[in-house]
Each structure stands twice: as structure tokens, then as C-alpha cells.
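Q: Listed here are the chains, written in short residue letters.
There are 2 protein chains.
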Amino acid sequence: MGLIVQKFGGSSVADAERVKNVARIVTDTYKQGNDVVVVVSAQGDTTDDLIAKAGEVNPHPAKREMDQLMAAGEQISISLLAMAIEGMGFPVISLLGWQAGFNTNSIYGSARIKNIRPNRLQAELAKHNIVVVAGFQGINRYDDLTTLGRGGSDTSAVAIAAALRADRCQIFTDVEGVYTADPRKVEGAKKLDEITYDEMLELATLGAQVLNNRSVEMAKKYGVELEVLSSLNPIPGTIVKEHIKMEKMLIRGVTKDTDVALVSILGLKDTPGVAFKIFAKLAQKNMNVDIILQSFGRDGTKDLIFTVSKDNGEPAVKLLEDMLDDCRIVCNTNVAKVSIVGAGMESHPGTASKMFEALFESNINIQMISTSEIKISVIIDAEEADRAVSAIHKAFIPND
Amino acid sequence: MGLIVQKFGGSSVADAERVKNVARIVTDTYKQGNDVVVVVSAQGDTTDDLIAKAGEVNPHPAKREMDQLMAAGEQISISLLAMAIEGMGFPVISLLGWQAGFNTNSIYGSARIKNIRPNRLQAELAKHNIVVVAGFQGINRYDDLTTLGRGGSDTSAVAIAAALRADRCQIFTDVEGVYTADPRKVEGAKKLDEITYDEMLELATLGAQVLNNRSVEMAKKYGVELEVLSSLNPIPGTIVKEHIKMEKMLIRGVTKDTDVALVSILGLKDTPGVAFKIFAKLAQKNMNVDIILQSFGRDGTKDLIFTVSKDNGEPAVKLLEDMLDDCRIVCNTNVAKVSIVGAGMESHPGTASKMFEALFESNINIQMISTSEIKISVIIDAEEADRAVSAIHKAFIPND
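Protein chains in written order, with our numbering: chain A, -14 to 385; chain B, -14 to 385.
Looking at chain A on its own, in the form it has when it is part of the complex:
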């Protein structure tokens, strides 16, 4: 008995059958005596269809009009879901972003939520309605529609949970929770019962895209308890919260990211500020640098090695060649980043060496290492990534 916010993505409401499936999950929760707010994305291909339609009339449409167009997508899915719930005999109402009180700034296409005026939401809940809310969208102070950008519906759901002080925010996806590694690839990969916000954030940035980062950050900020679970098999999933009980597992997950390019600047003359200039230039071009390694070469030169996303590899080389003389710049896209994440590891100094040992015993060469409080990443050959994940997973996760 409480207030539950449930969020369903576009694939969960892709067609009539799936809409009815979602309606069943929602009404089951309601029948258990809970107040329920449901946040939905646009149906499956609607977003792509609308983008294609726009492209046919104008290849570079104004973002304000694009948001006006895109917002129609959730308008369709919320009314259909409300109809399905109504058809099952439950009281329900659908609300557009602005009807649900989502006030945003005016950055069309990737607006930020400024606040939620929850009056209407509260009034509908007081009438015992199931409330279906359009995710991803809001309204700015000019009364124009805005959209929140990638992963916006997750953020909408968390924002509502925060505004209404919901007991839980359930994010339904196509997986049953957060796993210690990709269960399709790693034998013994386990679903986690619980995970902290920080661990979830690290896992997300490392390629385990179950939850949008903005929504996890917001959940952390407002203390909203999240649950990641499957809309096709709605058994208990993974809870994301601030503090979790100590478990025998030292680390929370092993992930692989192959969207990595390794750029090496060899024989760089060590003039003052040269590293700053290099990274300022890259930042200016919106090239995000991840891991940086610097080593001293001979004759007062140094080697500077860093990673960027794969498609930024060659452009970064071009950019640097125009900027630097007398040094060799090479790019290697045949690499992967393998990482372990876990809030427990910071108090266990042996974690890194245990990871390296697992790699050594599998004959895998480490090219770079990066560590943070709750994460250790290594750059290795792309071909060895899957083998590396399995070896590390086996070393850390008890196979009970």
C-alpha cells in the first residue's frame, strides 16, 4: 500500500497487445491497494516515423516545431494506454506533460525540468484514478511544448516520484534487472537485488545502458528508490538506492565497452601548457576524453596517450596533426575498455591486483589502467574483451 510510479518505454507499448500487457501490470499494482502513476514513452516506431516526416518537408527544422511534433507521440500512447486500462474496468485519466505540471526551461530538444506543479496529479490520485502521464515532454514559460531529450521518460518518472514523494519508482525495461555482466555472454552472470546510485551511474557510463544517467542522478538527489524490472516478466528486479546491505560480493558488475579509440602522441616536446592546449582543443570540438596516460620519453619529450569514443579517433588525430609538429600521432580503434564497479572495493586494497591477476592468468595484456573510488578500468585488445570479462567475473562473483 503506497504510491508507485511506473515507467514503460516505447517498446513496451509498441502495439495493442503490449499496451494491454502494460495495462495488466498497472492494474495489478492498483488492485494491491496502491496509488499508481504511469509514465509512458511514445509507441515503438512513432518517434522515428515523426522524424522521417519532418525530414521530408524540411531537413533542418526549427527545434521548437520539432518538439511540437515529437510531443504528439506520447499523446497517442498515453490515451491508448488509458483506454486499455479503462477497458479493464479501472478508473483512469491520461495527462500530457503540461497537464501533469512539467515546467521546463526553453532548450528545445533537450529541455531540463525546472519544477513539477503536482496539483492536477494529486487531484486525480485523490479521485482514485490511475494517472497515465506523457513522459519526455513539458512546457516552457511561453506555453510552448518542450521535450527532454534522450532518456527523458525515465527522468519524467523520477521527477514525478520525487514531486509526489512516491514510495518507489519502477522502471520497466526489456531485461529483468541489473546484472553483474551481460547474461547472454558471461556464464554465471547474476541479477543484483540491490545496487547504489553511484554504482548504477558507473555501470551506465560503462555501457550497461539500463537506466538513463540523468534519471539516476535525479533519483540520487531526491532519494527516490528505483527498481529496474522487466515488462514481459514482472518479477522483482533490481533496487537502486543510496545504502544497500553489505553482501559477500565485493564488486557489483563487470562491463565491457568497445566504443573506444586509443590515441597516442609519441615524442611530444615538453613545452609548458602543451597538455592543457591539447585537451582544451579536443573539448572545444566536443570530443570527450576518458582515460589519460602520460609517460616520459627520451630527450625531454613525453608520450601522451588517451581514449576517446571510436568515431572521434581519426578526427582527433587530424586535429592534433594540424596543431603539433615533430611528433608521431597514431590511433588504435581495436581496443576495448573492461571495468569492474562496486562501492565495496574502496575499502579492499587487493581489488585491483585481483583483477590484474585474473587477466594475467588469462594471458591478456593491459595497455592502460584507470581507477576511481568505485571503479577500475583497463584498456585491452578488443579481441580479448569477452574473455577478459569472463575471467574477471569468475574471479570476483561467487558462482553459487
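Derived from the structure by calculation, the hints contain no laboratory data.
Remember, it's a predicted structure, so these values are computed and weren't measured experimentally.
Hints are supplied without guarantee of correctness; some may be wrong.
Pairs involving identical chains hold if they fit within one copy or between any two copies, as the list cannot separate such chains.
[What the hints assert, rightly or not] The calculated lysine-lysine pairs, modelled on DSS-like cross-linking and capped at a C-alpha distance of 25 Å, are:
| hint | residue 1 | residue 2 |
| --- | --- | --- |
| 1 | Lys5 | Lys48 |
| 2 | Lys262 | Lys303 |
| 3 | Lys287 | Lys270 |
| 4 | Lys48 | Lys112 |
| 5 | Lys5 | Lys38 |
| 6 | Lys379 | Lys170 |
Using the hints, position chain B against chain A.
A: Just chain B, lined up with the frame of chain A:
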């Protein structure tokens, strides 16, 4: 130089090419120095698609949710048209019904406009924007979306023209104007330069469905000058207004309506109030009666003959058989109503006889006659309807 409201229906914006065509018409009008407000319907099949989607999840959805769903249709078309206009280099903004200030009552599915708060429209026009408005939709006092029902976009356009005191409201259709008869069927059928509101209303009810009646009534009430013209060939069309200059044409048009059933009650006992009871019963079942003829038979009985729409013919017979004894009730669906319409005819007593003469000379038998100030209708055999229209048209419309 003035303020023009232009309305385009769903087929005019059915695909990207047609959207661009509409954008050209709109921007041509703007280039001539006019302020332009454009009202559009949902694209071609969008409405049907959305209705089908609703039917898949709930065969009898709540009307409030149906309106929430349907309103997405114009949201898509207005943003696409705005993008197309923007792509041609003109300043433009799209507005949803509620953004354009359309306040309606709460009869979902066929809401009535209560008023238009034109502040936003005026502000955008003051910025020299072309304003693209979603027709067919508004908002009620609960901040819920409503739709206006059949022909709603015409009504939206006229309402804006009235609220902004526009110089003209142009209704773009797939015909080039209002004709004296169906030009595909009647040789010598002419496009009218002008027609009065009352004539237009009679033509519309008689089956010449160019303009929605509600919109013509509203235009008459607020003195909005209408123009009916083609979006595929935007040459001057037909102007609809209160007073038009006298023309040599006595009548404005000849129309045919085959959606007619003739119900005859023969040998009805003439008890007091029997006619009232019959028509009250029909009205109660929502059967609209058009022409009524009463004649006295022998032995104190009378014959009562009237017309209803075709699908109400047999049900009316059934209803009356349960109600009346001792009389014979028959239904003839093989009839048509042919009418002439013209404000000029009321001052020409010879009009009716001229019409009957034309039919007599073509050997066409008249079964019933009905007259009003600006209309004369006859009921004849359905097979002879086209021939009747041609004969009457030839008699009245000078073939210059």
C-alpha cells in the same frame, strides 16, 4: 493587404508534397503583404489510423481519451506545415488549439467553441509570423483537450476570422468553388462568383457538401466573408457573404439528394393529435423528417406521406406499424429529392411553375413538392434525378 485566414483540409496536407504545396499558397499570400493565419486538419488518413488504434485496445473508449488521442493528429500536421514554411524562408509558428486560445465546452467529440482568447495569435501576428493553428480542437475549463466534431476545422477557421476581424476566411477544398450543379454531371454547370450565407446553407443541406453548415452559420452570425477555393488550383473561388449583387441568374444552384425514403401512411383514421403522436415518436428515435404531405382520403381517413433519410425508411415503417392499426404503411426508397436554391426566387412567383414546366417537358412525374423562401424541392423517381437536374439547370441557368 489585410488579414487572411486560410483553412486546409486533411487531403490538402496528406503527404510531404501536398504540405509543401500548401506552404507555397500560404507564403504567396504572405508575400503579397497580408497577415496570414492558417488552420489545418489532421493529415489524410491520420484520423482513421488513430481511430483504428483506439479500437484495438478498447472498442468503446471514453470520449475524453478519444479527444486526447485525436488531437495528436493536428499537432502533427501543424508542426510539419510550419517546418515546410520555415524551409521556404518565412517566419512561422505553429499553435495547438489551446495555445491559440480556443475555449470550448466539455462535450468531448463534438465540443462547441465558447470563445477565443486571441492574445497569443495577435502577439505572433505582431511579430510578423505566419501562424499555423490546429483546427478541430480546443480546451475546456478543466484544461482537458476537446475536439469539435465533423467539419470542426472549418468552424475553427471561421471562429479565428471572427475573433481577429479578418478581411477574409478562405476555405481550400478539392473543388474550385460552389457550382450551380455538379459539374461532372451537368453540362453548363457554372462556378458561382458569389452566394449568400442562406443559399450556401440550403445547398449544403441539400447534399452539395462543400462547407460545413456550422461554419457557414457562424460566418453569417459574425459577418465573416468566406471564400471557397481549390488548393490544387488556387484561382479565385466562390465568395460567401450576406448581400451579393443582383445577377441575371434567378437561382444559385440545382442539387440532387438520393438519400431519401418516402414513407406513406394510407387510410389513417383522423383522430385528434394522431399526426403529432406520429412525428413525436419519430423524433424520439432521432429520425429526421423532411417533407410532409397530407391528403384526405375517403370515409374520414387521411393519407400522410413524409420523407426520411434512406436508412431510416424501414425502421420508420416498423415503428409506425407497432403504433397504428387499420392503415397501410409503405416505404419507397427509390426516390430522389431535386431542389433549386436562390435568394432571388422569393420575389419571382413564376419560379416554381418554371421548374415544374421543365420537369413536365422532360416527362418526369412529381410525387411531392416542398417550398421555402429560397428553395423549391420536388420528390421524383430516383432514376430520373440526373435528367431532372439537367433539365431544370438548362431552364434556369443561362448557358452563355
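Q: Going back to the hint list, which numbers does this structure go against?
A: When the structure is compared with the hints, none of them turns out to be violated.
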